[in-house]
Structure formats: structure tokens, C-alpha cells
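Since the structure of chain X is already known, use the hints to place chains D, L and W with the ligands on it.
Residue numbers (this note's numbering), protein chains in the order written: chain X, 64 to 217; chain D, 64 to 217; chain L, 42 to 429; chain W, 42 to 429.
What the hints contain is simulated information worked out from the structure, not anything from laboratory work. Every residue gets a Cβ at the ideal spot worked out from N, C-alpha and C, and that includes glycine. Among the hints, erroneous ones may be present.
[Stated by the list, open to error] So, partial list: chain L residues that the calculated Cβ filter (under 7 Å) puts toward chain X:
hint	residue
1	Leu174
2	Ser178
3	Gly179
4	Arg240
5	Glu291
6	Pro342
7	Thr345
8	Ser361
[As the list claims (entries may be wrong)] Cβ pair distances, simulated, as ranges:
hint	chain 1	residue 1	chain 2	residue 2	range
9	L	Ser316	X	Asp204	47 to 55 Å
10	X	Asp97	W	Thr159	31 to 39 Å
11	X	Gly207	L	Asp355	29 to 37 Å
12	D	Gly167	L	Ala262	38 to 46 Å
13	W	Asp404	D	Ala152	30 to 38 Å
14	L	Glu44	X	Lys199	55 to 63 Å
15	L	Ala160	W	Glu309	47 to 55 Å
16	L	Ala160	W	Glu266	50 to 58 Å
17	D	Lys199	X	Ser96	53 to 61 Å
18	D	Asp154	W	Thr159	48 to 56 Å
19	X	Glu179	D	Asp154	21 to 29 Å
20	W	Gln401	D	Arg74	54 to 62 Å
21	W	Val269	D	Gly167	30 to 38 Å
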Amino acid sequence: MAGRGDGSPKRVRPEELTAESPLTLPGFFAALSDGRLLGGRCDECEQAFVPPRPACYACGSREIAVEEQPREGTIVADTEVARPAPAFAADAPLTIAVIELDSGARLTGRVAADYEAVEIGTPVELTVRELTDREKEFALDHEGEWPLHVFEPA
Amino acid sequence: MAGRGDGSPKRVRPEELTAESPLTLPGFFAALSDGRLLGGRCDECEQAFVPPRPACYACGSREIAVEEQPREGTIVADTEVARPAPAFAADAPLTIAVIELDSGARLTGRVAADYEAVEIGTPVELTVRELTDREKEFALDHEGEWPLHVFEPA
Amino acid sequence: MPEPVILSVGASPVGESELTGRDLFSVALAEAFADLPDPAEIVDALYVGNQSESYEHQIMYGTLLAEWAGLRHTPAERVEGCAAAGALALRHAVRDVRSGECDVVLACGVEKMTAGGTAGATDALSAAFDRALEQRSGITAPSQYALLAKRYCHETGASEEDLARVAVKNHANATKNPRAQYQSEIDAETVLDSSYVARPLKLFDCAPVSDGAAVVVVASAEAAETLVDSEETVRASGVGAGSNNLAVAERDLTFVEGAHRAATQAYEEAGIEASEIDIAEVHDAFTVCEPLLAEAVGFAPRGTGVQCALDPGDRSDGWSDVQVSSSGGLKARGHPIGATGLYQAVEAYEQLTGRAGDRQVEDAERALLVNEGGVADAVTVAHVLEVA
Amino acid sequence: MPEPVILSVGASPVGESELTGRDLFSVALAEAFADLPDPAEIVDALYVGNQSESYEHQIMYGTLLAEWAGLRHTPAERVEGCAAAGALALRHAVRDVRSGECDVVLACGVEKMTAGGTAGATDALSAAFDRALEQRSGITAPSQYALLAKRYCHETGASEEDLARVAVKNHANATKNPRAQYQSEIDAETVLDSSYVARPLKLFDCAPVSDGAAVVVVASAEAAETLVDSEETVRASGVGAGSNNLAVAERDLTFVEGAHRAATQAYEEAGIEASEIDIAEVHDAFTVCEPLLAEAVGFAPRGTGVQCALDPGDRSDGWSDVQVSSSGGLKARGHPIGATGLYQAVEAYEQLTGRAGDRQVEDAERALLVNEGGVADAVTVAHVLEVA
Ligand SMILES: [Zn+2]
Ligand SMILES: [Zn+2]
Chain X
64 MAGRGDGSPK
74 RVRPEELTAE
84 SPLTLPGFFA
94 ALSDGRLLGG
104 RCDECEQAFV
114 PPRPACYACG
124 SREIAVEEQP
134 REGTIVADTE
144 VARPAPAFAA
154 DAPLTIAVIE
164 LDSGARLTGR
174 VAADYEAVEI
184 GTPVELTVRE
194 LTDREKEFAL
204 DHEGEWPLHV
214 FEPA
Chain D
64 MAGRGDGSPK
74 RVRPEELTAE
84 SPLTLPGFFA
94 ALSDGRLLGG
104 RCDECEQAFV
114 PPRPACYACG
124 SREIAVEEQP
134 REGTIVADTE
144 VARPAPAFAA
154 DAPLTIAVIE
164 LDSGARLTGR
174 VAADYEAVEI
184 GTPVELTVRE
194 LTDREKEFAL
204 DHEGEWPLHV
214 FEPA
Chain L
42 MPEPVILSVG
52 ASPVGESELT
62 GRDLFSVALA
72 EAFADLPDPA
82 EIVDALYVGN
92 QSESYEHQIM
102 YGTLLAEWAG
112 LRHTPAERVE
122 GCAAAGALAL
132 RHAVRDVRSG
142 ECDVVLACGV
152 EKMTAGGTAG
162 ATDALSAAFD
172 RALEQRSGIT
182 APSQYALLAK
192 RYCHETGASE
202 EDLARVAVKN
212 HANATKNPRA
222 QYQSEIDAET
232 VLDSSYVARP
242 LKLFDCAPVS
252 DGAAVVVVAS
262 AEAAETLVDS
272 EETVRASGVG
282 AGSNNLAVAE
292 RDLTFVEGAH
302 RAATQAYEEA
312 GIEASEIDIA
322 EVHDAFTVCE
332 PLLAEAVGFA
342 PRGTGVQCAL
352 DPGDRSDGWS
362 DVQVSSSGGL
372 KARGHPIGAT
382 GLYQAVEAYE
392 QLTGRAGDRQ
402 VEDAERALLV
412 NEGGVADAVT
422 VAHVLEVA
Chain W
42 MPEPVILSVG
52 ASPVGESELT
62 GRDLFSVALA
72 EAFADLPDPA
82 EIVDALYVGN
92 QSESYEHQIM
102 YGTLLAEWAG
112 LRHTPAERVE
122 GCAAAGALAL
132 RHAVRDVRSG
142 ECDVVLACGV
152 EKMTAGGTAG
162 ATDALSAAFD
172 RALEQRSGIT
182 APSQYALLAK
192 RYCHETGASE
202 EDLARVAVKN
212 HANATKNPRA
222 QYQSEIDAET
232 VLDSSYVARP
242 LKLFDCAPVS
252 DGAAVVVVAS
262 AEAAETLVDS
272 EETVRASGVG
282 AGSNNLAVAE
292 RDLTFVEGAH
302 RAATQAYEEA
312 GIEASEIDIA
322 EVHDAFTVCE
332 PLLAEAVGFA
342 PRGTGVQCAL
352 DPGDRSDGWS
362 DVQVSSSGGL
372 KARGHPIGAT
382 GLYQAVEAYE
392 QLTGRAGDRQ
402 VEDAERALLV
412 NEGGVADAVT
422 VAHVLEVA
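Bound conformation, chain X alone (with noise of 0.2 Å):
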């Protein structure tokens, strides 16, 4: 894999940065579509984050490993959208929940299941599908092959 993939940290060189590297969003949604979620960890401070980035949101090191990221999680909060975006709008209600994945990166998704059906400790794992026709509607030029991650009750 161009870029970083073999998860040694150092320093990202400019000419690394292309869209195949997991730390830009292509090269993220690539390993996506490949069914990787892929995640940086920090030399530094240990502090896991997805996507990945060239600098630790915690500590702001730039010496980061890329990693793939578990598919367990835990959800540390979470809410049911009555009214979404229009582009959404055929789905609703949704459940959206932050997730802790068991790495201890937290990113926002949505829950497979009914607001009703999950809570806050409630596991989930990972999956991955691509954009239904709506949602590409929707999508920006270079989204419409970008997956989307979807978690489902454990």
C-alpha cells in the first residue's frame, strides 16, 4: 500500500499524502469499501482517532501508526433523529450514536435498530454498506463510492 499502512509511526511525508494513503478520506474510504476500518494511533500518547490523520488530536504528535480498528463497540450515547436531512428523510426515524470501538477511538454512526432497542452500554459491532441510490443523490462528486459504516446491536 502507498502511504502508511504497515503501522510503524513517523512522520508523513508531503508526497505520502496521495489517495491511496489512509490518512486522506479517498485512501480511508478505500480500505472501507474493502470492509477495513482503518484508525490512527499515536506514538506518543497511545490516543487511538478515526479516520486516521497526520497529527494526534490529543497530544498533537505527528508520529502516527495506521491500524485497523476493531469492529466492537460500546455505545456511550445516543438519540433518534425524528426529522433528518432530506437526503435521509426516507429512513427515519434514525438511532445515531456515538461509539466507543474497544481500540478506544469514538466516532458517530448510525444504529441498525430501534431507538427503543439499544442504550447507552449497549455493544455493537461494525458493518459496512454502500450508499443506497437516495443517498448518492445526495452524495458530492467524489463520495458516491465512499461506504457508509452502520452499527449493529452486538
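Same frame as chain X, but now just chains D, L and W with the ligands:
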């Protein structure tokens, strides 16, 4: 008329700046719908401008009179828009010009003539029309009833 | 170092207006300059807080408002940090005066949110979220704050009724504010019976979609002396600002760290403690924000923030006597996004100069303003204002 | 007063990119900080120039890029003045250092224009025009400049071929710029044979739609000393900024007064004359801009601006020896709107530190940057940079 319509120059008070005042865009376009193109005239330096606004762009004075503008003017510069935005694609190519009215006020507007039929110095006359259905589609909610100023060779 | 003061303010009524953004600005400017020389005679720079070009399909709001004020050649620009845009404009004005670069600066804010309807506002506000993971998941502004509310209630035991009381208090305050969008009292049942927008938040937990513009005139104390009496000035004695991660998931969900840092910096610059603040305008875009912010800026012990809805005498130990959101807050005064930070300053100016009419807080001498952008503290700007 | 210097720069290649805006920023930042400590160790503030939220449906670019740089809690904001956004960011950085508020500030610019295609860019750019009369008449950016070109040719006798030669010169310069969007020579026939976009302007008179990001690291001379050798620094010795009426119709069509004022202010701050400028990056969004700007900033007598396309030795009396747009200019280097002002600074930095490779201008000691927003000079920012 609420607001300022009597031509007397004095500083506008906040409560006078309603949607009926020609010193606001709704007030300006309401008058235009009635066929009257209103402008401001600075009591300090005599500069005329369209639309009226609460301060003179030339000298900064807030002593502004609102006056109906002459319908006659002259082309100062003109061009032909080969590729307008989607709202106007049906009318392409558009002839557009900077017009100097006989009051000295200058504004940009469409010219209802082929580019080849006009030139710098061509006298023109103001006309006002409602938006087409196509144009209304692209108008913002509050602009739907605002008419369009179009110049015709005189 | 020149001392920055606010010497005049102006603001349009908040609500759904027939006027466009520039017209609302004209209203605010006419009020602010009713007793001042023409802007062209005294103003050195202008900043405009404005959230979204989508409402009016208009960028270049710096130049536009400069022209509309008769400031044709004056340096002018738009600043944007979503809903913190207004306070970012104010911070520039304060800093330009402090540095000696300018004598008089206009901090302006404008937003005509209703131009695109509720759907337009929902979409325009979602642009403030991280595009990669947040926006694409279909999350909305109320649901982002709902995540905070859910977790806050989970950790502190606060109830939906506790949150509702924040809205009740702010509506009551707004009845005395002639500029407020909602000048009607509500009770907790009104909030609790309103429909869920994003559980646990209901319609009446949310600030409305609003149009409005505000202008704050900042000057050096020396320049101000030549323009107004000293009792008409308010000192801008402290400013703080900072960012936090864009994605809510990557922040502390129950402690608004960005606001804590910004307020702390503002207190330090002003040389005061949180307990010395008499009045505060905080960013209650949703009811849950007010308790979260009360804790983050040092008014309340952790977990007791919902007591912001109580009279000072009824709060538990450790709480300050601050009065929060005398204007009615974003909830009831209204929330024209890019102007909100300046409406906060307008309220504090009127309170500190004794011009707040029926809602005057007695002996108000020091105010804290907290304006946030993005979801909660993705960007925060805090100001301390004090009587001259 | 601390003296602001530029101590490092970075920029992505310009063109249509698969990368998003934040990724392009990562490229620029990695280059700028290749030999520096982590941003978190040295940076006090960050400004982002960005024109339109519509390309990527993303506001809050200040916070987003701060986070991406590891500057989680750093004050950060977006500034917007259409295409002048980049230089507005640079001006803030310079002023924050001058005032002593900050030691090191990042001026950043980013735009991913291609995300919405040509139609999207046409629409997004039209938001810079006055909504009331200009936008609603169906005018586009090229046609706004076509009005200027038509009048300029009318008054000066300049021909379409004269304008074409500006594009030819800039394409030739860009062949030596590895970051340029077009690294191919063209001849005047290529321009003249290209189709009219808005008469008299043709496709090859227009800067392209571009993606790109740039980062300029500004510091006090004292802070810079601890980070780089002094020959790696360039002094930011003069800054000027100002507005002009938003509507083109209400301005002088053949004299760019805003640019004249901004450049004059920058010269005064730097204590130099226009004739002392060796290289200039000016805002040639359309070919006609370069002659207009050459006249407005004092390089050329009125009416002779099209000689900017000639070698200095071939120009008429009264012209300075300045080399204009060694980067290839907006026309050929490319024009990622909010980043353009910083690409200008990147070019000047590389020229003044002797790192411009094949396009190095000999003995270049002083540079003028002119970045405009809206149509022509609705907002203008000028910087003078000098060898340390
Ligand atoms: Zn770390
Ligand atoms: Zn005047």
C-alpha cells in the same frame, strides 16, 4: 409611503426601515413592481445610486434622499454571457451591460438585444418584468415576487 | 496598550423578517449610530460574522456591509466559525483596538436563516459537522446536542423536566426583551408535551430559526471619550478563544472543555474570578447547553448545572449568584446564527449601562459572554465586559 | 513592535485532485513542517481562507484544519472575502505577530472547487456578486471581468491579442513551476481560437477551476531565529487592505482603485516605492486583470498595462522592471480560490529565498502580492515581502 419616499434627505431611523421603505430591498422591489425605479441621492456630494441605501458610497454621508430614477441611460460596457448559471441557461446567450442612467447612477442589467446590436454608448431604456417560471424556481423564497429590470435599446 | 470599550450597540428585532440581511444590518446600524457621527468619519475596520452563504446565496458580506454603512474603502471581511462567528467578529474588533491598529471598529453579525425554510436551515447547519463521518450518517444539529443531553442526564441524573425548566426561565426573561423572538411565557408542560426532535430533546428545547443583525461599536477608551459620555461605555476587559475537535464523538460529552478554556482565558485577561460575574449570556442553542456551560465556565459545581433555571438564592452550595441569559437566551430571544454572539454583547452592554428596562439586573457590573460554533465547543469565544 | 517574517511554506500541487480539502491541507502542512517541530509545539493561532461551503458542504474549516494539524485547542477561524480569503488569512497572521499577541501563526488556504464541477463553481462564485441586481441578472464571473475588459480595450486601444499575450506569458512561466496546474506553453492563437466565454474573454483568458491548499508559517523574527536559519526567512514588511463597492457598475471600470489603495498602504508600511519591487504575484483571474493591476499598483503608466506580457527591456518608458507572475499566475498555476493568496506568498517566499529552481528571478529582493476578492477590487489585500 412609510420610510423615505418624499425625497427629503435626513438620516433614517431604525423603525423607519421596514419592508415598505425603499431603503430596504423589499421596499425597492415593491416600487419596481409598480414600475418605479428608485435610487438614492446624496445630499452631500450629489451621487446617485440604485438601489437606495442608508449611506452614500461616494462620501459616506447618511443624508440620503430617495428619488425616482430616469428610465433612460447609456451602455458603459457590455458583454455576452455564453454560459450562464442553470437558472438562465434557457435564455443564453445573454447580453449584459453596465448602464449609466441619466441621473448618473450606474447599475448592471440585462439588455434585450443581441450583443452585436448594441455597443458602448448605445442609448437604452429601462423595462421591468416579472420573473419567468424558470427564474422563479431559482429565486429564494423572499425573492419570488421581485421583478427583473431589463434594458431595451432606445 | 489602548483599552477597548464598547460605546454603542444596535440590533434588529429577532424573528422571521421580510427584510434581507443587509436591511437587517441597516436597522442595527441606524440604532448604533443614532447619536454618533457618520461611520465614514470614525470607523477604521469592519468584521462581519455570518454563518452560511446558502440562506441568501451571498458571500462577501464584509464588503457588502461596509458599502451599506458608507465605508466604501474600509478594510472589511467576513469571519466564520458557524454560530461563533459573531463573537469572532467582536474579538477582532477588540484586538484591533488593543494593538493600536484601529481606533474604532465595527463588529457586525447578520443571518437571514428563514430564507431557506426549516429544511434549508437544517442543511446549512449540518455543514458545520465533520463531513466524513458525521454529516454522511444523517445527523442533524438537534441530534448532535441530543447526544450531549442523553449523556449528561445519564451521568448527572438530570431529567427532561430539569432541562425544560431552562427553557421556561429563558422564555420568562424574554417577555421583558422587546427584541426577543418569543415574548411569551411557557411552562414546563409546554416543553415536555412538545414533540421529540431528537430524543431526549423536544421542539421547545431548541432555539428557533431566526433572522437578525447586530452591530457593536468598539473603540479605544481615548477615542470613545470624544464620542460619548464615559457612563455610556463598557470595558472589554478579557477575551478568550479556542477550538476543540470537530467531531462530538472525540470530545468529553459532559464537560465543555473549549468553553472552560476560553472563559478561563477571558477571566485571566480581566483579572477576575468566575464568582465575580454578575450576568452571563451563554450559548443555549439547546436547553442542555446552559447547564453544561454553567459548569464549564465555573459558575456551578459539576453535575449541578440545571440549577441555572433557579433563582440564585435557591441554588445549592458552590453555585455563583450569576443571572444567566437575561435576554431570553438563544432559546427565546432567538438565534440568528452569525449575529448571536453580538446579540449577547448587546444584552450585556444594555445591562451594564443600566438600559435594560424591565429586565434590568440590579448592580450588574461584570458580564461573561460565551459564544460557541459547530456543535458545542468546536470553537468557543468568551468575552468579559465590565462597567467603565 | 515584533517584526513578522515568513519562515516556511508548503502547498499542494494545483489542479483537479482526488484528495479532499483537508487532505490537500495535510499535503501543504507536511511540506511546511518537514523540518520544523510539531505545530502543537510552536503554533499560537490559525486562520483559514476558504471561499465557499458549497464545494464540500463544509463550514468550520478553522476548527477542522486546526484539528488535522494537531492543534486541537488553538484559536482558529475561517476568513472569507471570496478569492481574497487567502491573503486575509496571511494579513491576520502578520498582524497577530506584529501586535505581540502571537509568536507563530499559520496562514492557511484551501479550496476543492472541482467537487461541484464547472456548474457548481459558476454558481458558487456568483454568490460573490450583489444579489439584488447583479446575480439576478444572470451575470457570471467571466462576464463581470468581460465588462472590465470591454471597457479597458475601448479606452486604451488594447486588443484581444494583447490580452492573449498575458496568458501566453503566464503559461510559459508555469512550465517551470512543478506545482502549476498547466505546465504547457501556449501561443496567442490558442487563446484567440478558444471559444468565447463572455466576449471579449475566451476560455484561455480565464483561470481554471482548481483544487489546492497552501500553508504559510508566519512568526516574529525572534521566534523564527530559534526555528530556522535567517536566510530561510522573508520579511513581511508591509500590508494593505481595503474594500470597494460590491457592484462593478459602481466602480471605476478601468482603474482598480482598491488595489491602488492597498498596494500604496503596503508600500508605505514597508517604506518603499513601487519601482523597487522586483517580482509581483497579482490576481490575474482573467487576463485583463494583470494589465489593470500593473497600472493600479504603480508598475505601469495608465493605458500601458498590457506590456506586462513583455520582457522588462521591451516595455515603454515609465514601466518598472518588475517580473509579474513568475509562478504562472492564477491563469496557469491555477486558482483554488481561498488558497490563491497564499500560493502567491509561496511563490514570493521561494523566489526571495532563492529556491525557485528553473524559474528563479535573479536578484529578486522585494515582492508585491495582490490578492483580490469579489469582482476585481471588491476586497483587496496587498503584501510586500522582502529578503531578510
Ligand atoms: Zn498523542
Ligand atoms: Zn455622498
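Here is how each hint holds up against the structure:
Annotation: leucine 174 (chain L) was flagged as interfacial toward chain X, and the flag holds, the nearest CB pair being 6 Å apart, inside 7 Å. Restraint check, serine 178 (chain L) versus chain X: the minimum CB separation of about 5 Å is within 7 Å; hint holds. For glycine 179 (chain L), the interface hint holds, since its Cβ comes within 7 Å of a Cβ in chain X; the closest pair sits about 4 Å apart. The interface hint given for arginine 240 (chain L) holds, since its Cβ lies 5 Å from the closest Cβ of chain X, which is under the 7 Å cut-off.
With a least beta-carbon distance of about 6 Å to chain X, the hint placing glutamate 291 (chain L) at the interface is held under the 7 Å criterion. Interface hint at proline 342 (chain L): violated, since its Cβ lies 22 Å from the closest Cβ of chain X, which is beyond the 7 Å cut-off. At a threshold of 7 Å, the smallest CB-CB gap from threonine 345 (chain L) to chain X is about 20 Å, leaving the interface hint violated. Interface restraint check for serine 361 (chain L): the shortest CB-CB distance to chain X comes to about 28 Å, outside 7 Å, so the restraint is violated.
Our hint of 47 to 55 Å for serine 316 (chain L) and aspartate 204 (chain X) holds, since their Cβ atoms are close to 54 Å apart. Under the hint 31 to 39 Å, the C-beta atoms of aspartate 97 (chain X) and threonine 159 (chain W), about 32 Å apart, fit the expected range. Taking 29 to 37 Å as the suggested C-beta distance range, the pair glycine 207 (chain X) and aspartate 355 (chain L) does not conform, at roughly 56 Å. Taking 38 to 46 Å as the suggested C-beta distance range, the pair glycine 167 (chain D) and alanine 262 (chain L) conforms, at roughly 42 Å.
Between aspartate 404 (chain W) and alanine 152 (chain D) the Cβ separation comes to about 51 Å, which falls outside the hinted range of 30 to 38 Å. In this structure the supplied range 55 to 63 Å holds for glutamate 44 (chain L) paired with lysine 199 (chain X), their Cβ-Cβ distance being about 56 Å. Look at alanine 160 (chain L) against glutamate 309 (chain W): about 50 Å separates their beta carbons, and that is inside 47 to 55 Å. For the pair alanine 160 (chain L) and glutamate 266 (chain W), the supplied restraint of 50 to 58 Å holds, since their beta-carbon distance comes to about 55 Å.
The hint said 53 to 61 Å for the Cβ distance between lysine 199 (chain D) and serine 96 (chain X), and at roughly 42 Å that hint is violated. In this structure, aspartate 154 (chain D) and threonine 159 (chain W) break the distance hint of 48 to 56 Å, their C-beta atoms being roughly 19 Å apart. Checked against the given bound of 21 to 29 Å, the beta carbons of glutamate 179 (chain X) and aspartate 154 (chain D), roughly 54 Å apart, lie outside it. Roughly 57 Å separates the CB atoms of glutamine 401 (chain W) and arginine 74 (chain D), a value that falls within the hinted 54 to 62 Å.
Checked against the given bound of 30 to 38 Å, the beta carbons of valine 269 (chain W) and glycine 167 (chain D), roughly 55 Å apart, lie outside it.
Taken one by one, the earlier hints fail for this structure at numbers 6, 7, 8, 11, 13, 17, 18, 19, 21, listed in ascending order.
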